[in-house]
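Q: Here is what each chain is made of, one letter per residue.
2 protein chains.
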Amino acid sequence: MAVSGPAASPGFGYVTPDNVALLVDLYELAMADSYLRNGMNGRATFALFVRSLPPSREFLVSAGIETALACLETLRFGDEAIRYLRGLHLFSEQFLEYLRDFRFTGDARAVPEGEVFFPPEPLLEISAPRIEAQIVETLLLNTLNFQVMVASKAARSVLAARGRGVVDFSPRRDHGADAALKAARAAYIAGCTGTSNVLAGMLYGIPVVGTMAHSYIMSFSDELEAFRAFARDFPTNTVLLIDTYDTMQGVANAITVGGEMASAGARLRGVRIDSGDLTAQSRAVRAALDAAGLRETQIFLSGDLNEYRIAEMLAQGAAADAFGVGTELGTSADAPSVGGVYKLVEDEKGYRIKLSTGKATLPGRKQVWRRHDPEGQPSGDLLALHDEPGPPGATPMLIPVMQAGRRILSESLVEIRQRCTERLVALPEELKHLDDGAAYHVALSPGLTALRERMRA
Amino acid sequence: MAVSGPAASPGFGYVTPDNVALLVDLYELAMADSYLRNGMNGRATFALFVRSLPPSREFLVSAGIETALACLETLRFGDEAIRYLRGLHLFSEQFLEYLRDFRFTGDARAVPEGEVFFPPEPLLEISAPRIEAQIVETLLLNTLNFQVMVASKAARSVLAARGRGVVDFSPRRDHGADAALKAARAAYIAGCTGTSNVLAGMLYGIPVVGTMAHSYIMSFSDELEAFRAFARDFPTNTVLLIDTYDTMQGVANAITVGGEMASAGARLRGVRIDSGDLTAQSRAVRAALDAAGLRETQIFLSGDLNEYRIAEMLAQGAAADAFGVGTELGTSADAPSVGGVYKLVEDEKGYRIKLSTGKATLPGRKQVWRRHDPEGQPSGDLLALHDEPGPPGATPMLIPVMQAGRRILSESLVEIRQRCTERLVALPEELKHLDDGAAYHVALSPGLTALRERMRA
Chain L
24 MAVSGPAASP
34 GFGYVTPDNV
44 ALLVDLYELA
54 MADSYLRNGM
64 NGRATFALFV
74 RSLPPSREFL
84 VSAGIETALA
94 CLETLRFGDE
104 AIRYLRGLHL
114 FSEQFLEYLR
124 DFRFTGDARA
134 VPEGEVFFPP
144 EPLLEISAPR
154 IEAQIVETLL
164 LNTLNFQVMV
174 ASKAARSVLA
184 ARGRGVVDFS
194 PRRDHGADAA
204 LKAARAAYIA
214 GCTGTSNVLA
224 GMLYGIPVVG
234 TMAHSYIMSF
244 SDELEAFRAF
254 ARDFPTNTVL
264 LIDTYDTMQG
274 VANAITVGGE
284 MASAGARLRG
294 VRIDSGDLTA
304 QSRAVRAALD
314 AAGLRETQIF
324 LSGDLNEYRI
334 AEMLAQGAAA
344 DAFGVGTELG
354 TSADAPSVGG
364 VYKLVEDEKG
374 YRIKLSTGKA
384 TLPGRKQVWR
394 RHDPEGQPSG
404 DLLALHDEPG
414 PPGATPMLIP
424 VMQAGRRILS
434 ESLVEIRQRC
444 TERLVALPEE
454 LKHLDDGAAY
464 HVALSPGLTA
474 LRERMRA
Chain R
24 MAVSGPAASP
34 GFGYVTPDNV
44 ALLVDLYELA
54 MADSYLRNGM
64 NGRATFALFV
74 RSLPPSREFL
84 VSAGIETALA
94 CLETLRFGDE
104 AIRYLRGLHL
114 FSEQFLEYLR
124 DFRFTGDARA
134 VPEGEVFFPP
144 EPLLEISAPR
154 IEAQIVETLL
164 LNTLNFQVMV
174 ASKAARSVLA
184 ARGRGVVDFS
194 PRRDHGADAA
204 LKAARAAYIA
214 GCTGTSNVLA
224 GMLYGIPVVG
234 TMAHSYIMSF
244 SDELEAFRAF
254 ARDFPTNTVL
264 LIDTYDTMQG
274 VANAITVGGE
284 MASAGARLRG
294 VRIDSGDLTA
304 QSRAVRAALD
314 AAGLRETQIF
324 LSGDLNEYRI
334 AEMLAQGAAA
344 DAFGVGTELG
354 TSADAPSVGG
364 VYKLVEDEKG
374 YRIKLSTGKA
384 TLPGRKQVWR
394 RHDPEGQPSG
404 DLLALHDEPG
414 PPGATPMLIP
424 VMQAGRRILS
434 ESLVEIRQRC
444 TERLVALPEE
454 LKHLDDGAAY
464 HVALSPGLTA
474 LRERMRA
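Going down the list, the protein sequences come from chains L and R. For what it's worth, the working numbering labels the leading residue of the first sequence as 24, then goes sequentially. For what it's worth, the working numbering labels the leading residue of the second sequence as 24, then goes sequentially.
One chain only, chain L, in its complex shape (with noise of 0.2 Å):
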């Protein structure tokens, strides 16, 4: 089917609270309406999961699971889209008559946010009337699968990091607005520091972190004047970036500064290099600011990072106390999506299973049960059945998080972050390298087998 609707309003076209629910695609709500006029809105259970890693990822993190449920929490269908979803002359006025009255009322379980979850393992089960679990799914895979993929890219540079910071620097090739936020967002649950997006900031109560563009200081008539003017401004978060000319210049300049902000009784808080050779630049400007006794200053590092960068760098010896990423964070670039699905897995006939080849699901509610070593190391996980037995000792992943249409878990972004940080911590060693190829073992229950084999005969 192909319709078109009434004429644009241009303009920068926000997703708001009001409009959010009609992003879906076309064929969940003709289904729906489909599902509505031949009676069949029984309770469905639908799972969201990845079917394979992407390349180069060797663990996912939970992450948008918040944001999924704020959305389901307080979809409407408001006068403006229903008017429209009129307009295209498809839909039946009793369909319209049941969106007008929509409310997500449908139970949730997931994997919280911040821990680590492997393919196939659901992130997300939506137990619900079919109409209204079919309706969210466009919603809920672009919610989830972002978040998860930019959480999973951002653990990277972290990890790679070793303890010290890592600022998402990405705003400017993020892919559009709604993208920057939760760039930001995702990477701070992965154990960045901060971020550079100052909404993000406001929204999520992310530190915002910035220091100077090399424009700023070509718009001074030399980097000395420029330096100290802004030194003047912001005593408190004096951040140089010392590489518009001449590096070993600039630190000289900062030096300058550093030695005039401490008979002031300030502090030159850092110094940043965004370009060149940036591992032998910064030992030098170390070694530069070490000697002038601001042992203190930081330094901080950026320009097209990523973790290979990272790593490479502090192998090589490099001084960094922080690390700007960007584009390659925020567009998670080497793998630019996540493969999320969302699958029918039972329904009020019973289990559901689909068989194509590369497509095959696996019937029913899960549980995830993850089996830790004596040093609290993941050593293996078991995807069951919801109403199996786990083995001893191992802990349930999937938790109630939505019951009847209200969040039932509430989190600070500060706790997720923490869980995520801790989680990242006690990877096996083989995961947090960067190389390819290990591979954390993921089995299938007895009771799950027992069920596929049953339903594939």
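Treat the hints with care, as some may be off.
Pair by pair, the computed Cβ-Cβ distance ranges are [said to hold, decoys possible]: (1) L/Ser433 <-> R/Arg290: 49 to 55 Å; (2) R/Arg429 <-> L/Arg123: 17 to 23 Å; (3) R/Arg479 <-> L/Ala449: 27 to 33 Å; (4) R/Pro40 <-> L/Leu119: 25 to 31 Å; (5) L/His464 <-> R/Gln400: 38 to 44 Å; (6) R/Ala338 <-> L/Glu371: 45 to 51 Å; (7) L/Glu452 <-> R/Gly299: 40 to 46 Å; (8) L/Pro414 <-> R/Gly381: 53 to 59 Å; (9) R/Lys382 <-> L/Ala285: 30 to 36 Å; (10) R/Ala338 <-> L/Asn61: 40 to 46 Å; (11) R/Arg74 <-> L/Ala314: 32 to 38 Å; (12) R/Glu120 <-> L/Pro258: 19 to 25 Å; (13) R/Ile422 <-> L/Ala449: 55 to 61 Å.
For the record, the hints were derived by calculation from the structure and aren't laboratory data. Note that CB positions come from ideal geometry on N, CA and C, so glycine has one too.
Guided by the hints, dock chain R onto chain L, whose structure is given.
A: Same frame as chain L, but now just chain R:
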């Protein structure tokens, strides 16, 4: 500088007209505050341009200008934003007062949406008081980098489809909600015929397209029953997904339903194949439909498509009327960012230039002159200073689009799309091919060359 804000409001975190002004890298605001304190708010011009083509691209398509201008026109720092910024204990009260009254009052020149452009031609030039021009950098780059990326990627599928329809199926893999909207918009500009995204349909008037999912078929006791239900519920827009179980049995069922529809005075609009060997299946399905007299029933192909697969399938004789393209289109998977930058080129003191290796800029406001051969095919561009005379008969590509903060260009999306279609048709053949390597010639004018040499020296 790194500053923590107040506690976060959790949840979806929407970007709205009231808060979009804070979608800015912190350093833009810090620099702006410093400029204000130091009386440095003279008129400046910044150019937004792409330094070099992304991998596998031979041209770029202008997109996002309207979105960006709508933002500039309405940009405000509301009470919540000012409160948040004050709480960072970073900015001067003078600057916060300035932001409270902030309006963008500048001028803009741009390459209209739908035009083809080439690095390093400016896509947009902003002339405004320095602080205004500086503050909008992040938002402009975030908006334009993404829409240019998608339009340039989508144009490749449109060219590969050689007149057949290409539909945006990307929402579930796009990077968040705004990306899904803007991907649909940019893809439509590039010539896509529609989108699955209902919200994009409502906000931009883009035709919305959809069929059904495999789960719909599986929700009925058999395929034929599912097809009949759908045809009954959507008699004017019946497109049946025929590959859930077996494509040839699927088309047989579709033919049965098509016959029943014909008896009732309706028509089976199309069938969709989403998996397997699309080329071979589409030919067999076409033959079966034709043999049954359903010559007007169209065939839609989908499933991990991109421009290469479309070209390959058509070369092998696939029978397709339209293609659904998702992940690859919305994330521009082979080149998931466009490296647009925004650089100072002129201020109250004169021309400005940046000399760093790999990051050099060209000074001054500019004009791009495009020459055409007698057949109307672009034959090379001349990048000149804005006040240099252009070559006889050449077309100036940058036109005024905003004056004193108000848009002076208003185009419908349909007009923009029409322009893009014409430009893609007129492209030199070697740029239309998917293979890499052809290069369109962009020359520097004598005036620009001389100015650059003078400033380098």
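Q: Run every hint past the structure and note whether it holds.
A: Quick rundown of the hints versus the structure:
no. : hint                              : in the structure
1   : L/Ser433 <-> R/Arg290: 49 to 55 Å : holds (52 Å)
2   : R/Arg429 <-> L/Arg123: 17 to 23 Å : violated (38 Å)
3   : R/Arg479 <-> L/Ala449: 27 to 33 Å : violated (55 Å)
4   : R/Pro40 <-> L/Leu119: 25 to 31 Å  : holds (28 Å)
5   : L/His464 <-> R/Gln400: 38 to 44 Å : violated (59 Å)
6   : R/Ala338 <-> L/Glu371: 45 to 51 Å : holds (47 Å)
7   : L/Glu452 <-> R/Gly299: 40 to 46 Å : holds (41 Å)
8   : L/Pro414 <-> R/Gly381: 53 to 59 Å : holds (55 Å)
9   : R/Lys382 <-> L/Ala285: 30 to 36 Å : holds (33 Å)
10  : R/Ala338 <-> L/Asn61: 40 to 46 Å  : holds (42 Å)
11  : R/Arg74 <-> L/Ala314: 32 to 38 Å  : holds (37 Å)
12  : R/Glu120 <-> L/Pro258: 19 to 25 Å : holds (21 Å)
13  : R/Ile422 <-> L/Ala449: 55 to 61 Å : holds (58 Å)
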